[in-house]
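Chemist: Please construct the entire structure, taking both the sequences and the accompanying hints into account.
Under full-length UniProt numbering, read the sequence shown as residues 1 to 490, first letter to last.
Hints are not guaranteed to be accurate.
[Unchecked claim] Below, a list of computed lysine-lysine pairs in the PhoX-like style, where the Cα atoms sit at most 20 Å apart:
1. Lys426 to Lys444
2. Lys250 to Lys220
3. Lys231 to Lys270
4. Lys488 to Lys456
5. Lys214 to Lys250
6. Lys426 to Lys436
Hints in this document: simulated from the structure, not taken from any laboratory.
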Amino acid sequence: MKPNHHHLYQTQSPPPPPPPPSHNSADEVPFPAVSPTHFNNYREVPLDLPPIDQILYDSLSSLSISECNDQDHRKFMGTAYGRAVSPFAGEGFNSLEESFRASNGVSYNQGVYSGVGHYFRRTVDPFLQERASSSGFDLTLDFDQMSYLLAKERFYYTQHLNSCDNRRSTTSPANNINLNVNQNYGGASNLQNFSYLRLVNLRDLRGRICFLAKDQNGCKILQSKFESPTKEEIDLVLSEVVGSIADLMKDQHANYLMQKLVSVCDDDQKALIISELTERSVDIILVCMSQYGTRAVQKLLESLTSPNQLMKVIRALQRFAAQLANDSNGHHVLQFCLVHFDCDFNQPILNQIADNCLKVATDRSGCCVLQACVEHSCGQVRKRLIAKIMANAIQIAEDPFGNYVLQHMVGLQSPELTALLVSQLKGNFASLSQSKYASNVVEKCLTESEEDISTKIILELVESPNASSLLVDPYGNFVIQSALKVSKVS
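Modeler: This is the structure we're talking about:
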């Protein structure tokens with residue numbers, strides 16, 4: 001059960017007043033700088049406030065708080081104006097819940113809220129009554145409470161626009177929206193006033209789309225406004241982000257907005273995105289190699305319906321296909337293309353992989369791409385790819401990653417393909433059986449090939465000069481066990 005704040009006020013003595021303001025260095029800002037008097041000195045932009053805002057503005061301006069009067073300062077910092085924090089001079093909240101708590105006048109035990117990332121350590125809300133209750137409203141006033149909260153926030157933000165102290169805020173002259181995002185390396189959002197942004201139309205955020213998209217909460221707000229967008233709204237967002245599309249796709253938050261954007265764009269709008277990404281082929285390659293960009297590119301590929309647009313993207317990927325295949329993020333894009341698009345579309349990628357067959361086959365990520373290439377290729381390009389693999393079959397079989405490529409080929413249950421591989425490894429089965437990785441390939445050939453092929457392998461093992469050594473070899477003994485099982489079945 002939460003403590004009753006009213007009861008606490010009645011049974012406990014009020015906290016001692018803060019010490020008088022000290023002389024701060026040039027880099028620090030003393031508390032009086034955030035007083036209403038201070039704000040009044042910076043009214044360089046005329047304020048055209050609605051009636052409810054004007055009432056709030058007048059009530060704050062009427063407070064006689066002198067920067068040089070310690071008594072007024074203590075009174076302002078004491079209990080006369082309540083206990084909840086306000087977003088003065090860049091003050092903001094770390095979460096939506098915290099914003100609502102402050103807006104509704106929820107009391108804090110110490111009277112003054114001090115949070116991480118606030119410019120001024122001590123601020124109070126002069127709009128709340130003394131010993132503020134959980135609602136923060138004076139029931140004698142005759143106006144809508146939600147309008148009051150909205151007007152109060154707008155008032156704070158307008159005052160903030162006229163303050164020269166906040167160096168990290170971005171303001172929009174068109175609609176007086178204040179967006180304040182602190183430098184953040186932990187992934188959590190520091191976007192201030194985002195609860196207010198939920199009430200703003202998408203068109204009112206013009207000029208701030210890229211800025212919001214890179215913030216966790218800002219991106220969620222944009223996505224919520226993008227559920228069923230009109231063509232005009234799509235054009236608005238696209239015009240804002242198209243020049244930074246590659247950068248946004250790589251961002252940990254903005255990539256989600258980019259995925260939603262490409263899924264709702266028409267062909268003309270997608271053509272604009274593709275043109276921006278492929279103007280320099282290195283741009284789309286870097287996006288594919290990004291932890292977050294790889295998802296956005298796959299979403300773009302998934303949404304494409306125009307063959308011309310698809311070929312334009314694949315040609316951009318072709319030049320660096322081998323690098324993408326060996327990249328921990330980029331290989332997902334190539335596999336998406338191989339699985340979802342026709343072989344004719346993927347031919348440029350397949351040819352590039354074939355040219356770098358050994359390099360790709362012996363890589364942790366590349367071996368997975370090469371398996372997909374073998375499975376989803378066709379025609380002449382498939383023959384060329386298989387020929388390249390067979391030419392390096394022994395080296396690939398002995399590789400920690402390459403052996404999976406050969407096992408996959410046998411597992412496709414293609415007698416022609418298996419026979420081709422066995423003929424390529426002929427004469428080396430005994431030595432391969434003693435290899436940690438190649439022994440797996442030999443076992444696969446024994447257990448998943450036709451009887452005539454497995455018989456040839458067994459005869460070669462038995463007739464080898466070091467056949468007896470296979471029985472005690474740490475890897476060869478498993479090959480012999482597989483050979484015995486196959487021979488019994490036969």
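Chemist: For each hint, tell me whether it holds in the structure or not.
Modeler: Tested hints:
A distance of roughly 15 Å separates the Cα atoms of Lys426 and Lys444; the hinted pair therefore holds under the 20 Å criterion. For the hint pairing Lys250 with Lys220, the CA-to-CA distance comes to about 17 Å; that is within 20 Å, so the pair holds. A hinted pair counts as satisfied when its Cα atoms are at most 20 Å apart, and Lys231 with Lys270 qualifies at roughly 13 Å. At most 20 Å may separate the alpha-carbon atoms for a hinted pair to count; Lys488 and Lys456 meet this at roughly 15 Å.
With a C-alpha separation of about 10 Å, the suggested pairing of Lys214 with Lys250 holds against the 20 Å cut-off. Distance restraint check for Lys426 and Lys436: the Cα-Cα separation of roughly 18 Å lies within the 20 Å cut-off, and the hinted pair is therefore satisfied.
The structure shown violates none of the earlier numbered hints.
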